[in-house]
Each structure stands twice: as structure tokens, then as C-alpha cells.
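J.: Chain residues, written in single-letter form:
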Amino acid sequence: MAKKKTPVAVRRRRRPKQEISGFGPMMVVALAASALYSIDAAITLAIGVVPTIVLGFTGKGDHKSERLQCVGFCNVAGVIPFMVQAKARGWEFVAGDIFNIVLMFGAAAIGYALVYVGPLVAAFVLQGLNEDRTKKITQQKQMLVDLWSHEVLGDKEEKKPQEGKGFIR
Amino acid sequence: MSGENAPVPDSQSAFGDRYEVVTGSPLPEFSTRGGDAYVVRDKEKSGGDLYALVHHPSIPFRNEVYKTLKGKPIANLICPLDRGLMNLQINGKRTQRLVTILGRPTGGALMGLDGKLNPRVNANRLRQNVALSILKAITALHKRGFMHRSIMPTNIYFSTPNSDDVVLGECYSMPPGYMQPFGMEALDLALADGTARGVGDIESDYYQMGAAIQALYFGEKVWKGRNRDSMLMARVNQGSFWALNGGREVPGALGSLIRGLMADELAERWGAEEVLDWFEGVGKPKRTTMKAWSMNRPTNFKGVAVVDRRLLAHAFARDPAEAASFLKSIDFPSWVQMSFKDEILTDRLESLLNVKPDSGFGGMRSDDYKMVTRVCMFLHPTGPIHFKGHSFFLGGVSSLIAEAFSRDDRETLSAIVELLDAKFLQTLADISEIQGVKLGTQLSDLRRMMPFAASKQLGKGMERVLYELNPILPCVSQRFSNVWIGSVIQLMRALERIAANGTTRNILLDRHLAAFCATHGVDLEREFNNLAAAQHNPAKFNSLSLNFFGLLQQRCKMEALPSLTSKLVDGLAPAVKGLKNKKRREQVQAALEKSKKGGDIARLVSEVNMVKVQAEDAREFAQAKNLVTKLERERKKLMKKVLPNDPDARKAGLKGSRLVAFAGLLIVSFLTFF
Numbered sequence: 001m002a003k004k005k006t007p008v009a010v011r012r013r014r015r016p017k018q019e020i021s022g023f024g025p026m027m028v029v030a031l032a033a034s035a036l037y038s039i040d041a042a043i044t045l046a047i048g049v050v051p052t053i054v055l056g057f058t059g060k061g062d063h064k065s066e067r068l069q070c071v072g073f074c075n076v077a078g079v080i081p082f083m084v085q086a087k088a089r090g091w092e093f094v095a096g097d098i099f100n101i102v103l104m105f106g107a108a109a110i111g112y113a114l115v116y117v118g119p120l121v122a123a124f125v126l127q128g129l130n131e132d133r134t135k136k137i138t139q140q141k142q143m144l145v146d147l148w149s150h151e152v153l154g155d156k157e158e159k160k161p162q163e164g165k166g167f168i169r
Numbered sequence: 001m002s003g004e005n006a007p008v009p010d011s012q013s014a015f016g017d018r019y020e021v022v023t024g025s026p027l028p029e030f031s032t033r034g035g036d037a038y039v040v041r042d043k044e045k046s047g048g049d050l051y052a053l054v055h056h057p058s059i060p061f062r063n064e065v066y067k068t069l070k071g072k073p074i075a076n077l078i079c080p081l082d083r084g085l086m087n088l089q090i091n092g093k094r095t096q097r098l099v100t101i102l103g104r105p106t107g108g109a110l111m112g113l114d115g116k117l118n119p120r121v122n123a124n125r126l127r128q129n130v131a132l133s134i135l136k137a138i139t140a141l142h143k144r145g146f147m148h149r150s151i152m153p154t155n156i157y158f159s160t161p162n163s164d165d166v167v168l169g170e171c172y173s174m175p176p177g178y179m180q181p182f183g184m185e186a187l188d189l190a191l192a193d194g195t196a197r198g199v200g201d202i203e204s205d206y207y208q209m210g211a212a213i214q215a216l217y218f219g220e221k222v223w224k225g226r227n228r229d230s231m232l233m234a235r236v237n238q239g240s241f242w243a244l245n246g247g248r249e250v251p252g253a254l255g256s257l258i259r260g261l262m263a264d265e266l267a268e269r270w271g272a273e274e275v276l277d278w279f280e281g282v283g284k285p286k287r288t289t290m291k292a293w294s295m296n297r298p299t300n301f302k303g304v305a306v307v308d309r310r311l312l313a314h315a316f317a318r319d320p321a322e323a324a325s326f327l328k329s330i331d332f333p334s335w336v337q338m339s340f341k342d343e344i345l346t347d348r349l350e351s352l353l354n355v356k357p358d359s360g361f362g363g364m365r366s367d368d369y370k371m372v373t374r375v376c377m378f379l380h381p382t383g384p385i386h387f388k389g390h391s392f393f394l395g396g397v398s399s400l401i402a403e404a405f406s407r408d409d410r411e412t413l414s415a416i417v418e419l420l421d422a423k424f425l426q427t428l429a430d431i432s433e434i435q436g437v438k439l440g441t442q443l444s445d446l447r448r449m450m451p452f453a454a455s456k457q458l459g460k461g462m463e464r465v466l467y468e469l470n471p472i473l474p475c476v477s478q479r480f481s482n483v484w485i486g487s488v489i490q491l492m493r494a495l496e497r498i499a500a501n502g503t504t505r506n507i508l509l510d511r512h513l514a515a516f517c518a519t520h521g522v523d524l525e526r527e528f529n530n531l532a533a534a535q536h537n538p539a540k541f542n543s544l545s546l547n548f549f550g551l552l553q554q555r556c557k558m559e560a561l562p563s564l565t566s567k568l569v570d571g572l573a574p575a576v577k578g579l580k581n582k583k584r585r586e587q588v589q590a591a592l593e594k595s596k597k598g599g600d601i602a603r604l605v606s607e608v609n610m611v612k613v614q615a616e617d618a619r620e621f622a623q624a625k626n627l628v629t630k631l632e633r634e635r636k637k638l639m640k641k642v643l644p645n646d647p648d649a650r651k652a653g654l655k656g657s658r659l660v661a662f663a664g665l666l667i668v669s670f671l672t673f674f
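Protein sequences, first through last, are from chains U and L.
Residue numbers are given in my numbering: position 137 of the first sequence equals residue 137, and the series is strictly consecutive.
Residue numbers are given in my numbering: position 347 of the second sequence equals residue 347, and the series is strictly consecutive.
Fair warning: there could be bad hints in the mix.
As the list claims (entries may be wrong) - Each computed SDA-like pair below joins lysine to any residue, with the alpha-carbon atoms no more than 20 Å apart:
#, chain 1, residue 1, chain 2, residue 2
1, L, Lys655, U, Gly22
2, U, Lys135, L, Arg635
3, U, Lys60, U, Gly24
Simulated from the structure, these hints should not be mistaken for laboratory data.
Model the full assembly from the supplied sequences, consistent with the hints where possible.
T.: Put into C-alpha cells, the structure is as follows:
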């Protein structure tokens with residue numbers, strides 16, 4: 001017996017594509033690589049990147065991958081020096097000092113700060129660029145008006161500079 | 001407007017320099033409907049009596065006859081010697097006219113315009129000289145394929161005061177049979193309007209010869225003061241010979257000659273052979289008998305019992321509305337059967353005639369006129385076509401149109417437009433063919449005119465038909481009333497003179513001028529279509545006018561026309577002003593100013609093709625407008641304040657942050673490991 005076709009209205013709506021950052025697999029690879037370097041370093045890395053892992057699981061909204069990468073890169077940058085220390089003295093030595101943990105997590109916090117500051121800076125820069133572009137557009141329009149008269153703007157006649165003024169005295 | 005009429009050229013032509021027309025000394029006995037005769041002096045060659053015929057521009061002349069007679073003159077016929085354009089002072093007005101120089105017989109007309117007979121004319125001279133001279137002239141003309149059709153006692157002259165030799169007047173200055181008196185035309189031709197009698201046939205010349213000799217014999221204008229209807233009745237019932245002479249006998253041999261020549265039946269009418277036999281005294285006089293034109297029983301139309309089919313056709317033609325209601329009121333097939341017992345009304349003929357009984361829906365319809373025309377053609381197949389009060393032969397339509405235009409008779413012109421219907425004319429041809437008469441080759445000429453006639457487009461319409469059917473006719477536009485425009489070159493020169501004195505604005509909208517150019521130019525249809533399409537856009541129209549005149553100047557390989565060029569360039573001012581691109585406007589203006597001094601329109605067009613420039617300008621302007629719209633949209637978008645939450649700013653910011661973070665990672669890694 002042939003399968004009954006699902007009615008169009010009942011068909012499952014396709015879920016929107018999830019953003020794939022590739023940060024998870026990268027983290028696994030990094031952990032594996034650091035394990036080859038030193039087990040202690042790998043454990044230190046695993047403890048140090050907890051904020052990133054948490055973000056990876058809980059992060060929502062647009063630009064998730066950028067945010068994750070930003071926090072992740074900062075977080076890893078904060079962990080790396082302690083990995084070398086962990087190889088020499090053991091992971092317990094590093095993890096045992098709360099100050100070290102604060103430094104590693106603090107690096108992730110810098111990443112979060114960058115996530116917040118980045119759009120602010122970008123908005124400021126873009127505003128500047130837009131102003132430049134507006135000036136150029138005005139110049140371009142003026143050139144077109146010079147070549148084609150005001151008609152090119154859709155006006156029937158060229159407006160006199162004093163036109164309309166002197167109405168209210 | 002003062003500058004509208006083309007001024008007469010300042011200088012005389014070479015022809016004008018050679019001949020001096022004395023306009024103060026008219027020669028009315030040589031004047032015709034086609035032109036006025038004046039005394040002329042040949043400055044180069046003395047001796048020989050001449051007269052000049054100053055042509056009327058509205059009447060077409062017979063160019064082929066001119067060519068044959070100029071090349072090889074005919075004895076006993078006044079032949080043209082030369083012709084050309086000349087500036088004349090007529091009635092105090094300076095005009096340019098076509099003038100033909102002809103040899104002038106000095107013996108005087110056989111009959112004066114006042115009807116006074118030349119004292120030297122007598123029966124003996126008529127018998128011995130006049131008849132023979134006319135015969136010589138017309139047979140020579142017939143051999144060349146032309147008919148004279150203007151043989152009148154007032155148009156026959158003694159060659160010298162002392163000679164018995166007689167010459168026949170010229171016949172080339174007007175269409176054949178143009179406005180000849182009713183009595184002086186063979187019966188079938190006489191039934192047509194005076195302006196539309198067509199080429200006619202050889203026999204019609206012999207009829208005129210007989211009628212002219214008869215008038216000379218009686219010494220009076222036998223055609224004068226006679227009522228047309230009673231004359232027609234008399235000609236049909238008694239024969240033209242008796243009708244014209246009023247029942248007076250012409251005794252002797254001359255009487256036999258005139259009777260033979262004036263026989264109404266073509267088969268019985270004398271020709272050259274019979275006239276020569278008569279000279280030799282072995283004449284075989286034919287009796288003028290009545291052919292069976294009579295019907296088996298009379299038809300009562302408008303209270304008159306008509307027996308002759310020709311008279312009935314004529315009566316129908318005179319009152320088509322009454323005729324239509326009469327035809328609709330009778331049982332047509334039964335009427336035909338009863339009235340024409342010798343004829344069988346076949347199904348085909350019946351369907352061709354298509355006489356429908358009255359449907360009871362009131363007044364006269366357009367098709368009713370055509371129905372009357374068809375029935376008239378059936379009744380009198382050798383006669384003219386009778387349509388809407390006009391009677392004409394197809395060969396005479398050209399002169400009928402010319403005459404209608406000269407009187408600005410719109411009614412006649414619209415009747416001709418209606419007549420130029422392929423189906424209708426074919427039906428008439430079929431009806432006459434069934435009766436054994438062929439309408440001839442004129443039908444194919446008229447078929448060619450049909451696409452033009454009803455068109456309102458520039459370069460077409462009845463004006464085009466006028467010039468196509470009368471290729472020798474000058475341009476009869478009011479602008480050229482002072483000058484003679486026989487060719488495109490003359491037209492261009494006249495325009496140059498108009499431009500020098502006045503304005504040439506919208507000159508191509510003159511329908512006569514456009515039709516004349518379309519007829520005499522080659523492949524100008526496309527140009528006229530473009531001009532017609534741009535009629536309501538002065539800027540484009542003026543640009544196209546410049547292109548048009550440039551094309552004509554180039555094709556005619558004409559000299560420089562500075563005034564016309566200047567006026568055409570001035571006319572381009574709105575077009576130049578209309579150019580949106582300021583830079584281009586200045587460039588075009590400069591180029592036009594530079595080129596207009598040369599007077600070479602063709603070169604100017606090749607340098608500044610305004611139509612192309614306008615198109616390019618319009619296209620670029622549209623592109624510029626689109627660009628402005630796009631820029632404005634972008635500007636509005638850019639004018640908004642950029643917030644960190646804006647998707648673009650956010651995206652760019654996050655990307656930047658990621659880059660910074662990655663750079664930090666690299667630096668820390670480097671410093672840690674190395």
C-alpha cells in the first residue's frame with residue numbers, strides 16, 4: 001500500500017538553521033592536543049575554559065559564534081600560561097590557588113567585555129564613515145545638478161536661493 | 001503672413017533671358033483653359049511668328065504630347081518650340097510661371113471668340129483646305145498615340161493672312177477634352193463632367209472635326225445658348241448631327257462628310273480612310289442610325305417617360321437620391337426583364353448590381369449612391385461613371401481632382417475618396433465587362449492610389465493622389481502661389497527664398513508640400529511617418545525637418561542653402577533648449593552656429609544629428625535621474641544615527657572583537673612558549 005501523503009498544513013515546519021561556530025570540535029581537538037603535551041595541562045585547560053563551555057551551551061541569539069569565539073580566544077589566552085605551570089607542578093597546584101582561577105576566568109570576562117565594547121566602537125567608526133560617505137554623495141549630487149540642472153532632482157524649475165524667504169517678516 | 005509666400009527669384013532663367021513675353025499684349029484667340037497667350041519676342045533669333053502660353057498652375061498639361069511635338073513637330077498643328085520658367089509681371093503682380101513658346105499662325109482664327117466667322121472661310125475652303133489640314137494634323141497625332149480633343153472652330157487658324165493653309169491649335173496645355181462644350185464632344189464623352197472626360201479615343205477627334213466644320217459652315221457657335229438637357233434629348237433622339245445644326249441641312253458632299261464624322265455610333269463614324277475616300281469622291285456615305293439603346297417599354301421616372309437607357313442613366317445620375325428610392329421601390333429583376341427583353345439578367349449580373357428592395361429604414365445610405373452608380377453602368381456601359389452627382393471617366397479622375405483642389409471643393413474630393421474602393425470599382429468593371437466594355441488600364445492606376453486616398457497621414461491623402469495622378473502638376477500649395485514648383489530642387493530653392501524673407505516654421509506640415517515631396521522624392525515614406533509621429537512635439541519635429549531637408553539636399557546634390565539652413569537651425573532652438581545636459585547643450589549650440597554659416601544641411605546633419613543627440617540626452621538624463629534617486633535613498637539611510645544595536649554595527653563590532661581576541665591569544669601563546 002502506498003504511503004499516505006502528509007497534508008501540507010500538518011507538515012513539520014523546518015527548523016531554522018543553527019549557527020555552527022565549530023568552536024566545540026576545536027575545543028576537543030585542543031584538549032586532545034594539550035593532553036599529548038601534558039595531562040596536567042589538559043586538565044588545567046578543561047577547568048580554565050569552563051566559562052566558554054558554559055557560554056557554548058547557554059548562548060543564544062544572533063552572532064552566537066562570534067561571541068563564543070571572542071570569549072573563547074580570550075579565555076584560552078588566559079589559560080595558556082597556567083598550562084605550562086601545570087606541566088611543571090601538577091594541575092592541583094594551579095587549580096588549588098583561587099587567584100589563578102580568577103585570572104583564567106577573568107580572561108574570559110575580558111572576552112565578554114570585548115563582546116560588549118566591540119559594537120560600540122564599530123558604531124562610532126561606522127558613524128564616521130557614513131558622514132564621509134554622505135559628504136561624497138552630496139558632492140556627487142551637486143555634480144549631477146551642475147550637469148543636468150535641477151530637473152535631475154525631479155524639480156520642474158531651479159529654485160532661487162531667496163525663494164520662499166521674506167514671507168514672514 | 002508676409003513671409004509665408006515664396007518670393008519670385010530675383011534673376012531670370014536662361015529661358016527668361018532669351019524670350020520677352022509682352023504681358024501687355026494678350027492674344028486671347030490662342031488662350032486656352034490651361035494658359036493665357038501673349039505676344040513674345042525671341043531675343044536670340046529673329047524671324048518666325050511666335051506666341052507664349054503662360055500656364056495656369058492648377059491645370060495639368062499633357063507632358064507626353066509636349067515631348068513628342070517638340071521633338072518632331074507635326075505639320076498643320078501648332079507645336080511647342082520651347083518651354084521654361086520665367087518671371088512675369090501679370091496684372092501688376094510679379095509671378096514665376098511656366099511658359100511655352102509656340103509657333104503662331106498669323107492668318108487669324110477661322111472663327112473668332114465672339115463667334116464671328118473669318119471672311120475667308122467658305123464652303124469651298126472648308127471642303128478643300130480645312131478638312132484636309134485637320135485630317136493631316138490629327139492622323140499624325142493619332143499615329144503617335146495621342147488624341148487632340150480640342151478641335152474647335154475657334155482653335156483652327158489660317159497659317160498666314162494670304163494662305164489657304166490651315167493649322168490646328170495646340171492641344172497640350174490642358175487635359176484632353178477639358179471643359180469642351182457639350183455639343184462639341186462625342187455623345188458618350190459629353191455626358192461626363194467637363195473636367196473629367198478622360199483621354200477619349202480617335203473617333204472622338206473625328207466627331208469634333210465634323211462638329212467644328214459644321215459650325216464653320218453655318219458660321220455660328222452652334223453649341224452656344226443651348227440647354228444641356230434639351231440638347232442631350234435631341235442628340236439621343238435625332239442624332240448629334242441634327243441636334244447641333246438645329247434641323248438645318250448641309251447640302252452636298254460637305255454634308256455627307258459632316259454627317260459621317262458626327263455619327264453617334266462608333267462603328268458608323270467616319271475615320272481617316274472614309275474621309276480620304278470622300279476626298280477622292282468615292283465616298284460611301286453611312287447613314288446615321290439609332291443603335292438599340294431604347295428599352296422595350298418606357299420607364300416613368302420623376303414623371304417623365306424615358307425610353308432610352310442612356311437618358312435613363314443620365315436622369316438617375318442627376319438625382320441619385322430619387323433614383324435610389326425608385327430602384328428600391330420596384331421589383332428590379334422583373335423591371336429588367338420587362339424593359340430589356342433582349343438581355344438576360346444572369347444571377348451574376350444581378351448579384352453585381354445588388355439592387356435591394358426598400359428595407360423601410362428611412363433615408364439615403366452611402367451604399368445607395370453606389371447602387372445607383374452600378375445601375376447607371378448597367379444602363380450605359382460605354383458612358384461615364386456616375387457617382388454622387390459627378391460623371392467621369394476613370395481617365396479623367398486626375399483632372400477632376402486637380403480641378404476640385406483648385407476650387408478647394410472638399411465635397412468632390414470626399415466623393416472621390418469614397419469612389420476609390422477596390423471592391424466597388426471592380427464591380428463596375430465587371431458590370432461593364434459583361435456588357436462588352438472594358439474599363440481599361442486606368443483601373444490599375446487608381447488601385448495604386450487607394451492606400452493614399454483615405455489616409456490622413458502627412459505625405460498621403462488626396463493631395464498625394466493629386467500629385468501621383470498628375471506628375472506634371474506643380475506644387476499648388478498656397479505658399480507657392482507666386483512661383484512654379486515642378487521639382488524637388490525648385491521646391492528647395494523656393495524654400496531658401498522663403499527662409500531669406502520670412503519664416504519656414506512647420507513648413508513640412510503643409511499637406512501639399514509633403515505630398516509633393518513624397519511623390520517626387522524617392523523612399524521618403526519612413527521620413528514622413530516619423531514627421532507625422534512627431535507632429536505634436538515641436539522640438540523633435542524641427543530636428544526631423546532638418547534631417548529631411550538634409551536628405552533632400554544630399555539626394556538632389558544641391559548648392560548651399562544658407563538662409564534655409566539658418567532658419568532650420570533657428571527652429572532647433574527649442575530642441576537645443578530642451579537638451580538637459582548643459583555641457584552637451586553648449587557643444588551642440590556651438591556646432592550648429594558653426595555649421596549653419598556653410599548652408600550645407602546634409603553636412604550639418606552629419607555633424608550634429610539632433611535626433612540622435614536628443615535620444616542620447618534623454619537616455620542619459622534618465623540614467624542620471626535614476627542615479628540621483630539611488631544616491632538620495634543611500635543618503636537618507638546614511639543620515640540615520642548608527643547605534644551599537646544596529647545589525648551592521650553589531651556584526652562589525654563582534655568581528656572586530658573576535659579579531660582582537662584572536663590576536664591576544666596568538667601573542668600570549670607566543671610569549672608563553674617561545
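J.: Compare the structure with each hint and give your call.
T.: Consistency of the hints with the structure:
no.	hint	result
1	L:Lys655 with U:Gly22	holds (16 Å)
2	U:Lys135 with L:Arg635	holds (9 Å)
3	U:Lys60 with U:Gly24	holds (15 Å)
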